[in-house]
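From first to last, the protein sequence lines stand for chains A and B. Using this note's numbering, you'd call the opening residue of the first sequence number 1 and step up by one each time. Using this note's numbering, you'd call the opening residue of the second sequence number 1 and step up by one each time.
It cannot be assumed that every hint is accurate.
[Said to hold, decoys possible] Simulated crosslink set (DSBU-like; lysine-lysine; CA at most 35 angstroms straight-line):
| # | chain 1 | residue 1 | chain 2 | residue 2 |
| --- | --- | --- | --- | --- |
| 1 | B | 33 | A | 320 |
| 2 | B | 245 | A | 477 |
| 3 | A | 477 | B | 235 |
| 4 | B | 49 | A | 320 |
| 5 | A | 200 | B | 33 |
| 6 | B | 33 | B | 49 |
| 7 | A | 49 | A | 503 |
[What the hints assert, rightly or not] Taking beta-carbon pairs under 10 angstroms as the criterion, some of the chain B residues facing chain A (in silico):
| # | residue |
| --- | --- |
| 8 | 53 |
| 9 | 60 |
| 10 | 63 |
| 11 | 64 |
| 12 | 194 |
It should be emphasised that the hints constitute simulated quantities derived from the structure, not laboratory data. Note that this is a predicted model, so its numbers are computed, not measured. A virtual CB, placed ideally from N, CA and C, is assigned to each residue, including glycine.
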Amino acid sequence: MSAFVEMKQISKVYPNGVVANKHVDFAVEKGEIHALVGENGAGKSTLMKILYGLEQPTHGEIWLRGQRVEIANPHRAIDLGIGMVHQNFMLVPSFTIAENIVLGSEPRKGRFLDRAQAIAITETLSKSYGLQVDPAARIESTPVGMRQRVEILKTLYRGADLLILDEPTAVLTPQETDELFLAVRKLVDQGKTVIFITHKLVEVKEISDRVTVMRHGEVTGRVATADVSEADIARMMVGRAVFLQIDKPPVRRGRVVAEVRNLGYVAETGRPMVRNVSFDVYAGEILGVAGVEGNGQTELVEVMTGLRPATTGEIRIDGKPVQGQSARRIRLSGVAHIPEDRLTNGVALDASIAENLAVDRYNRPPFTRQGILSPRAIQTQAVALMQQFDIRAAGSAAPMRSLSGGNMQKVIVAREFSAEPALLIAAQPTRGVDIGATEFVHTQLVAKRNEGKAVLLVSADLAEVMSLADRIAVMYKGEIVGILENGPHLTEEEIGLYMLGLKRDEGARGEGRGARGEGRRELSRPSRKFQPSRKIMQRRSQHR
Amino acid sequence: MTQNKTLIEAIRIVVVVLIALAIGFVITALVSKEPVAAYTALLTGPLPKISFENGFAITNINRFGNWMEESTTLILLGLAVAIVFKARQFSLGAEGQMLLGALATAVIALKLALPFPWHMILALAAAMAIGFLWGLLPGLLKAYLAVDEIVSTLMFNVIALQLFDLLLFNWLRDPTAGFVGTVPFPDSAVLPLAISGTRVSWMIFIMLAAVVIVWFLMERTPFGFELKMLGANRKFAEYGGINTKRVIALSMAVSGILAGLAGAHLSMGLLKRLTINLSPGLGFEGIVVALLARNDPRWVLVAGLFYGYLRTGAQIMERSSDVTREVVLIIQAIIILLITAEQLFPRFQQWWGARRNNEAAMERG
Numbered sequence: 001m002s003a004f005v006e007m008k009q010i011s012k013v014y015p016n017g018v019v020a021n022k023h024v025d026f027a028v029e030k031g032e033i034h035a036l037v038g039e040n041g042a043g044k045s046t047l048m049k050i051l052y053g054l055e056q057p058t059h060g061e062i063w064l065r066g067q068r069v070e071i072a073n074p075h076r077a078i079d080l081g082i083g084m085v086h087q088n089f090m091l092v093p094s095f096t097i098a099e100n101i102v103l104g105s106e107p108r109k110g111r112f113l114d115r116a117q118a119i120a121i122t123e124t125l126s127k128s129y130g131l132q133v134d135p136a137a138r139i140e141s142t143p144v145g146m147r148q149r150v151e152i153l154k155t156l157y158r159g160a161d162l163l164i165l166d167e168p169t170a171v172l173t174p175q176e177t178d179e180l181f182l183a184v185r186k187l188v189d190q191g192k193t194v195i196f197i198t199h200k201l202v203e204v205k206e207i208s209d210r211v212t213v214m215r216h217g218e219v220t221g222r223v224a225t226a227d228v229s230e231a232d233i234a235r236m237m238v239g240r241a242v243f244l245q246i247d248k249p250p251v252r253r254g255r256v257v258a259e260v261r262n263l264g265y266v267a268e269t270g271r272p273m274v275r276n277v278s279f280d281v282y283a284g285e286i287l288g289v290a291g292v293e294g295n296g297q298t299e300l301v302e303v304m305t306g307l308r309p310a311t312t313g314e315i316r317i318d319g320k321p322v323q324g325q326s327a328r329r330i331r332l333s334g335v336a337h338i339p340e341d342r343l344t345n346g347v348a349l350d351a352s353i354a355e356n357l358a359v360d361r362y363n364r365p366p367f368t369r370q371g372i373l374s375p376r377a378i379q380t381q382a383v384a385l386m387q388q389f390d391i392r393a394a395g396s397a398a399p400m401r402s403l404s405g406g407n408m409q410k411v412i413v414a415r416e417f418s419a420e421p422a423l424l425i426a427a428q429p430t431r432g433v434d435i436g437a438t439e440f441v442h443t444q445l446v447a448k449r450n451e452g453k454a455v456l457l458v459s460a461d462l463a464e465v466m467s468l469a470d471r472i473a474v475m476y477k478g479e480i481v482g483i484l485e486n487g488p489h490l491t492e493e494e495i496g497l498y499m500l501g502l503k504r505d506e507g508a509r510g511e512g513r514g515a516r517g518e519g520r521r522e523l524s525r526p527s528r529k530f531q532p533s534r535k536i537m538q539r540r541s542q543h544r
Numbered sequence: 001m002t003q004n005k006t007l008i009e010a011i012r013i014v015v016v017v018l019i020a021l022a023i024g025f026v027i028t029a030l031v032s033k034e035p036v037a038a039y040t041a042l043l044t045g046p047l048p049k050i051s052f053e054n055g056f057a058i059t060n061i062n063r064f065g066n067w068m069e070e071s072t073t074l075i076l077l078g079l080a081v082a083i084v085f086k087a088r089q090f091s092l093g094a095e096g097q098m099l100l101g102a103l104a105t106a107v108i109a110l111k112l113a114l115p116f117p118w119h120m121i122l123a124l125a126a127a128m129a130i131g132f133l134w135g136l137l138p139g140l141l142k143a144y145l146a147v148d149e150i151v152s153t154l155m156f157n158v159i160a161l162q163l164f165d166l167l168l169f170n171w172l173r174d175p176t177a178g179f180v181g182t183v184p185f186p187d188s189a190v191l192p193l194a195i196s197g198t199r200v201s202w203m204i205f206i207m208l209a210a211v212v213i214v215w216f217l218m219e220r221t222p223f224g225f226e227l228k229m230l231g232a233n234r235k236f237a238e239y240g241g242i243n244t245k246r247v248i249a250l251s252m253a254v255s256g257i258l259a260g261l262a263g264a265h266l267s268m269g270l271l272k273r274l275t276i277n278l279s280p281g282l283g284f285e286g287i288v289v290a291l292l293a294r295n296d297p298r299w300v301l302v303a304g305l306f307y308g309y310l311r312t313g314a315q316i317m318e319r320s321s322d323v324t325r326e327v328v329l330i331i332q333a334i335i336i337l338l339i340t341a342e343q344l345f346p347r348f349q350q351w352w353g354a355r356r357n358n359e360a361a362m363e364r365g
């Protein structure tokens, strides 16, 4: 039986000399869900861009339905029945869902768009593939999960038989992920073929029939998913054994390091982003902050680190109030910060690695003595830290820009950890970094906790929070709606209910003193139906 | 690795200068009856002539002097611009700071009677102080009120120019002179000569010291580190705890000190008085020097000498050949344009590298 798609001996060399694909053979059978996994830079995106006509291979052939094809551009790919859903959605925010779906090949009434027809088309598609959308809603007012369904429907409307989904779960809540998986299965039942790009191994096991693993531009494994374990796939990806689970000794809580009381932040637009937040972080524990992105986590972290002024409330570090102080004073009080947006806040791309490692300490000995800066001291530190944290680069004078995402993150981790903080705030510390670096960051965070530091871990990746945190605070619309003890009894569903605003503990807001006396607030119920599924439960128990 | 880079950079500059000069020659050949003589004037004009015909003699020392004078001003202005550009603040205020620096020296020179060297030192200090202030104000506006520094510094230039004219016409002007200008400064407030037969003054030493000091400031002080981090990524600098508002305001103020000194050079060194239309547009030439030098003070010295040479040679070419001033300026602009075309050489390297890599990949495949 010949494959539905076959890419033979694909090589891709970019003009700057980077070899992204080396003699890659890749085949997908009709009607299967095929996972394509690999670390960042392994060449999986390039391979898929070639298949979708966004890049041309330097070498190699593409066969589709048993015939050799040339895919010069995405138009050609669409004509051939290949559709791709990108990680960053490409939708017009001010258009309705129906308008977005038909955009480019609209049903017309005379010279104008036939709206009724567009809505009818959308409803039919939506029904037949089980992808629920509201055709009349504008994209800008719909949640991320729905936007993704719109992207998928869009490709189906254009007649795609083969769907390429590029890291589709990166932006979803567990419930949304679950819905997506159901929809993907339904697509396959109806004869579609799906290529699923991801680096989350749990998902590979759960959704795919077969898996192709890439590393350094080459295929390192092509197996039936049922035959391998997560650890096997990880080994193929990284080239060595990887520890997916982190061993954590039981928590030994020490003193209160950070006390946050009734903290509020109103954005410049007048919108309250953080509302009446209170919590403590203890020495020797990791407090996780979960929540769908955009529910105030970013602002909470930036207020705590002095990058934005708090509007109300108090923050104390080791008993000393720090709200309203400069970022430098807060750092000197013992707070370190791994920022969520690495490229904007965490590094200066055009500065050297050594300078990046010194940005918080250049003005004190040994880097500056009697007002004179010592580039040598900055360099010496860099060499030591690069060795200690295993940062791979051409040298300490190399520009930050030359590093991979994982190594950049290691530079940030090296700087923030070596500051010897009492409180470490880590925001999305493994976003966009490869498995090897993720493992490294996780190990380091737990090591800090075991040393008796307080760690505040903010992450949109629920699995990350659940595997690392001792307690989990969930943020919803700027509030902390629950602080839960982590443990085997705690399920993703449970947290998901808090994340979606369906459940809240009034007591959670008033850790210690303060917020307890306030009146109950009405629960805001989202209109979308939510059905907990057995799937995630199973996934969770397998994972443990 | 860095040595290799420096070498490539040096080769790049030499190649580009040669290309630029060749294009310049083609243009000269198009407009001149005696292109070789005219171009020779441009290329060798600023050099003193050494002759052995009647025993050893150096002539045309004044042309060499012109080169040094021009370069001294340009280097001071180039340093001023390099500081703000390093911090990625696009301050264009050097012109106004220079004018006010010159104005301040005139006030001190003409309205105070002091012995040398105190008179001279006070005049220099006044020029630096007013330059500092005239940079600090738009700096504070940028830092605390987010006023775009391009707009504010250009406006400050307008204000400075009008202040200059106002004070010169109504207060400092010598009514008996046949032109709008002051009486000559007293000797106590004039910069002493460094090379006789020229107008090259002690300012050349001050300029050399300024190169060293600015280099030291940028590379060996915490402020320089802050400047660099601000320029590399403001949000990152803030995240690291740097008070970027302070650094923005200070970078523009410190830059003003050097522009103020450039103004003092014009009044106390070259003209020895204040005149109207002191040197329109000169303040902006510092941008060219800083761009050529990629904001590195050491290269500002080299670029200032190069650009000063080119400008002096152009003036000599204009005086001594049939090539008009406009054409000379065109040639000058083309040379600068080519040198600042950063991508010219990398593009070539990229193309070359890709070709080689492709071939290598083919061979392997």
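Output the indices of the hints that this structure fails to meet, ascending. 1, 4, 5, 7, 8, 9, 10, 11 and 12
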